[in-house]
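*Asks:* Sequence:
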Amino acid sequence: MERQMRSRGGFSTTENLRSSAENILRLGRAPAITSEIPTAREGDVSRKGQAALDLVNSVADTISLTEGRIETLLVRALEQLRTMEERNRVLEQQVKQAETRAREAEKWLVRLHVEIEDKFTSWRAGRPDRAAAA
Numbered sequence: 001m002e003r004q005m006r007s008r009g010g011f012s013t014t015e016n017l018r019s020s021a022e023n024i025l026r027l028g029r030a031p032a033i034t035s036e037i038p039t040a041r042e043g044d045v046s047r048k049g050q051a052a053l054d055l056v057n058s059v060a061d062t063i064s065l066t067e068g069r070i071e072t073l074l075v076r077a078l079e080q081l082r083t084m085e086e087r088n089r090v091l092e093q094q095v096k097q098a099e100t101r102a103r104e105a106e107k108w109l110v111r112l113h114v115e116i117e118d119k120f121t122s123w124r125a126g127r128p129d130r131a132a133a134a
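Residues in the sequence shown are numbered from 1 upward in steps of one, following the numbering used here.
Simulated from the structure, these hints should not be mistaken for laboratory data. Yeah, the Cβ is synthetic: ideal placement off N, Cα and C, and Gly gets one too. Do not rely on the hints blindly, as some may be mistaken.
Here are the in silico distance ranges between beta carbons for each label pair [what the hints assert, rightly or not]: (1) 103 - 65: 53 to 59 Å; (2) 42 - 67: 34 to 40 Å; (3) 82 - 60: 37 to 43 Å; (4) 80 - 42: 54 to 60 Å; (5) 64 - 43: 28 to 34 Å; (6) 63 - 96: 46 to 52 Å; (7) 109 - 83: 36 to 42 Å; (8) 60 - 90: 42 to 48 Å.
Please work from the sequences and hints to get the whole structure.
*Replies:* In structure tokens, the structure reads:
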């Protein structure tokens, strides 16, 4: 009794399915290795490993030196920033003082202008007019 089963490509027999399964199982098994796998000598592995470690240490040293330089530059920049902020505060205080003095000077100039104008008008009022005298 032969049963047919539906597969992706069409119909196949049970016998074909068994042979397909055997092929799949055969592919899954590792074939027997007849040739010897070349192995690295222990000295080569050790030398290559040491070279990799030396490279990593060299990179770490370079990073540490760079980090030190960056830290030095950062500290110097922060000191300059503090100095500039302090200088800015001093300049702001000087600006406030100069503005206060300028306002006071302006008040005195307005007061002086008013007094001069009052004296001039009173002097003119007390002086006879030339056109009328002539």
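*Asks:* May I ask which of the numbered hints given earlier this structure violates, with the numbers listed in increasing order?
*Replies:* 3
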